[in-house]
Amino acid sequence: MIPVKFDYTHAETVDEAIKLLQESGGEGKLIAGGHSLLPLMKFRLTEPGVLIDISRIDQLKEVKKEGDRMIVGALMTHNEASKHPLIKEHVPLLADTVRQIGDLQVRNRGTIGGNIAHADPAADLPAAAVVLEAEVIVQGEDGEETMGIDSFIIGPLITMLPENSIVTGISFAIPPAHTKSVYLKYFHPASGYPVIGVAAVAGVGADGNIDYIRVGITGVGDIAFRAESVEQTLLGQKPSKALIQQAAKLAAEEGEMGSDLFASAEYRENLCRVYTERALSSILL
Amino acid sequence: MANAVGAPLKRKEDPRLLTGNGCFADDIQLPGMLHAVILRSPHAHAKIKKINVEEALKSPHVIAVYTGKDLEGKIGPVPSSWLVPDCNLKEAPQYPLAIDRVRYVGDGVALIIADDRYAARDALDLIDVEYEVLPAAVRQKEAMQKGAPLVHDDIENNIALHWKAGEVAEEIMENAEVVVQESFYVQRVFPSPIETRAAIGQYNPGSEELTLWCTSQNPHIHRMVLAGVLGISEAKLRVIAPDMGGGFGGKIGVYPDEALIGYAARDLGRPVKWIEQRSEHFTSSNAGRDEVIDVELAGNRDGTLTAIRVKNTANLGAYLSTMGPGVSTIDFGLMITGAYDIPHASCETFGVYTNTTPTDAYRGAGKPEATYQIERIIDLYAREIGMDPLELRKKNLVRKEAFPYTNAQGLVYDSGDYEKPLQKALEIVNYEQLRQEQEKLRKQGKLIGIGLSTYVELCGFGPSKVAGAIGFQGGVWENSTVRVHPSGKVTVYSGTSPHGQGHATTFGQIVADKLGVPMEDIELVFSDTKAISMSWGTYGSRSTAVGGAAVAIAADRVVEKAKKIAAHELEAAVEDITFENGVFQVKGVPGQQRTFQEIAKSANMAWNLPEGMEPSLEAQSFFDPENFVYPFGTHIAIVEVDKETGEIEWKRYVCVDDVGRVINPLTAEGQVHGGVAQGVGQALWEGAIYSKEGQLLSGTLMDYALPKARFFPHIESSFTETLSPVNPLGAKGVGETGTTASIPAVMNAVMDALKPYGVKDIEMPLTPEKVWRAIQNGEGN
Amino acid sequence: MAIENRKVTVTVNGQERSAEVEPRKLLVHYLRDDLGLTGTHIGCDTSQCGACTITVNGDAVKSCTMLAVQADGAEIMTVEGLGTRNELHPMQQSFWEEHGLQCGYCTPGVMMAMIGLLKENPNPSEEEIREGMEGVICRCTGYQFIVSAVQKAAKIMAEANEKNDQKVAASQLVGEGNL
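These protein sequence lines are chains A, B and C, in that order. The first sequence: position 129 = 129 (UniProt numbering), numbered continuously. The second sequence: position 295 = 295 (UniProt numbering), numbered continuously. The third sequence: position 92 = 92 (UniProt numbering), numbered continuously.
By construction, these hints were calculated from the structure, which means they are not laboratory data. Mixed in with the good hints, there may be bad ones.
Chain B stretches covered by chain A per the calculated footprint, using a threshold of three residues with CB under 8 Å from any CB of chain A [claimed, not checked]:
#1 511 to 522
#2 689 to 703
#3 706 to 719
Only a predicted model underlies this, so the values are computations on that prediction, with no experimental measurement involved. Even for Gly, the Cβ is constructed at its ideal location relative to N, Cα and C.
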């Protein structure tokens, strides 16, 4: 449980963090809550030469609503996010999702930005991120850029974060006011990670038909995905048990199911169907 | 204090532990202390070609590196302590570090000593070992096959032992109306105390005494065995078990690691500390169970059971652990008839070497496995003849009038009234109504399951001559000294070695009642071989029934002597002295009395003692019980299975246990809860997974699921009390009942839920996928 | 590359303490080995068991998954800061009365985690307590008596808070009266 020796420094501002990254010559790694990085370092699975602590950059702890988007500072902890009045009011799915991450101690340290930047295939947050059409706000040597979640996380633990850059925040789409949302998770009994996590937002219009639907699934494979076939089946239709059952059968369509010690791909495919059906039923029926 | 026994007193040990003032092994800091880490084999089976330690030795922090070759001739192999007779037992020597061949992932290869905890870990990466990887034998049935890789070259077919007990004549099986057959795998699990193992050695070159603090459930066994391994007199070796964060059997074993730390401390003349890491614990600490059990239960259509025939193929790992050989033989094979009057029984056990971590006793040790097979096969038998499993149990339970009852394997059950806890449990759950509801819900497509387990287990081993006859390399008696100080305050020495069970409280309660002194006047001393002369430790639910009995007897002896002194001072005959609530009183003469404290002073001052009496007020007892004790009871689990996902939801768990005299209902219930949690853990979540190559795939707490709080319903626990005649307390044992009973209760409940699909068995743990697949297959059929 | 040790200063249980440590030193080792606060325990190496839970600036965290340097300047509470033998904190008292511990190894971490839980949710249901214990593992108790202990502690703490509030209110009234 003891990491390899490393040096430690901390940044007071984003610019300073970028500068420290540049100076580290590829050896530097950012640390905020450390709940993704330290467990790997303790097993010596990663050995950065220098840790650049960004946890004191206060400007990255803010939450603000900008039009139809909610901008969450990268350093906001999961616990803070789950309780934040703006988040609870406008993107309850995000609050519900982060409330189910790990455990209280982890939620007190782990950050939204760290979670996304780590791109753990087994993480909870990516399900909500794909559903809420998240954009990752990145600051680098050449200024700020915004990357869609799909183009940011491209594989397990793999992101397109440019060199010497820092995730400063995540922007989430605020779903229409009439929608309801849910995050339904099957906890791995040991790790607490989702064996499957289904995030869904759905709304029914004045005509009684589904006019807004987003479904995201995490935990089952290398990367979280939007269950678009499910969405397409439901959109414009009147919600019913039969319809949801029919749609949920397509839940695994866009994803690649992974196998591990706990669950096979075939079983995960089944979980996709069942959990999607249950998640959708809870907000549509 | 009167009537302390039976009262739910708060524990004496808690204020210390609650304020962070416990002293666990890693809390011990000694001047000049060094830190040890052990380099372990990454391969299940390999030849060691070369070990290069130069880089490690270059580190300024590294004091020494030892390899197996370095220690040859200096330190002996660590022997097993249960040499079961008449089974062609073949013990391969286990050297504290592998010399030329590693035999399991986790086998020790080198010992590194550094002056800093972090630097010691760094040095681990600096040692380069060249291995030639060999094919591995991993699962026991395959390891027994001809042509399987040999774990030890001279042990044919990897068979460590072949043991038989009892005989069932072939015609009994042939003539039976019904024979139900099934093969059960009681999977390998890890005891997993939250504190891992640890050892600290300190050598005093002046006195030539070696002190070893180690996580041991039985410090005297550690002293006895390690004195031999290290070639040191028992009089010069002091073993202390400090506060210990659980054991569950995993800290019974005398491990190579402890010998290494003792050796290094002596060799270097400096204190050495070793703390096992959690992921290291998974491969280096003895595991539990891992037995394939083939059962045949024979009887008539009316539910009369006539015979049981069992074959157990046990995975003993790469070496024989301290208690390993006894678990699947004696502990298991003599209890296969369970709580039922089945006239004929036989058990055949193969103990098999494999390239895996050794297995040893784990909470229940053999009894959970024995209970598992009988309770499961009883249910399947009931299903076969179309009888409610409750009725089949009732028909075959040993009757109250039959005690002391001799089972088919020759064990004499001390006392019992099996119907009593059964009835109580049935009333709590309202069994008949429950079955009706189940039927109703089944029709609605809901899979409700009701699982029964009417168990009996053996614990509190005794007498020692039996231990000898079954090859246990030790006695099974217990030892206690009750010492009364001049003030009347009391120190009690006990040979048991508690690590969470609360003996300071329960033994204190026994002494408080006997001596009539308040609990706060009683101090308990355990777990130090310099303070306690000899003992056999804490395991097998023996502490109260044997250790507590020794305490009670020593306290009685104190009272006996004190009474004589009181009689002398009060000028009365001893027969005329009564002793109640701490006061000696001349019968019928009010005012003619002495308090216990007054007599304590008299005895210690010795100014005026009866003619010929020795001074002081202190007594010792060595209690060797005449028989085992046999707690019993009924557990009922009620579950609902999610048809679509295979997830299991607990609805209710009810247990009624009869553990003889309950000394402290609060701690007794705590033992049941913890035991149930571990049993259910085995049934539903825990399980070692090895690759074909012998790599442990479930080797961290990220993969191996220890039960968490949200997995459980409220456990409804209660007791009945049927006293044991074999010890003066009437106590049985409570430490293992929960685990023993709950594994089959839960499994029977899930199998009952899946009955509509014709599912008879699913290998534990019941991960939702396995359950889902069973349902899928059932639907297909 | 020579890596300098860092001076880490924290306020632990109300006392300012500091030590020079390697940047890689885990907070739990800093507390135990450098500051001698051995009430906080280590039970695993994957941040699962929670035996090392303490509070940092009031929040429950696992001290095995935090570097000492990250805690520089923080306000830390460990089990040693909860209560004394003669004056146990309601959490400790309740664990004692309800038999919420057996071996006592996970107990400090569990209590600190539950202090953290009650901060978030002062009146949790049994289910919420069990969920709140996701980050701790107890191998001895089967959790049931821990749940009872936390329920009891929550009640005592809530009552104490109420009394405190009343006292504050009363003293404010008195203060106003004096004006």
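**Prompt:** Among the hints numbered above, which are violated by the structure, and what are their numbers in rising order?
**Reply:** 1
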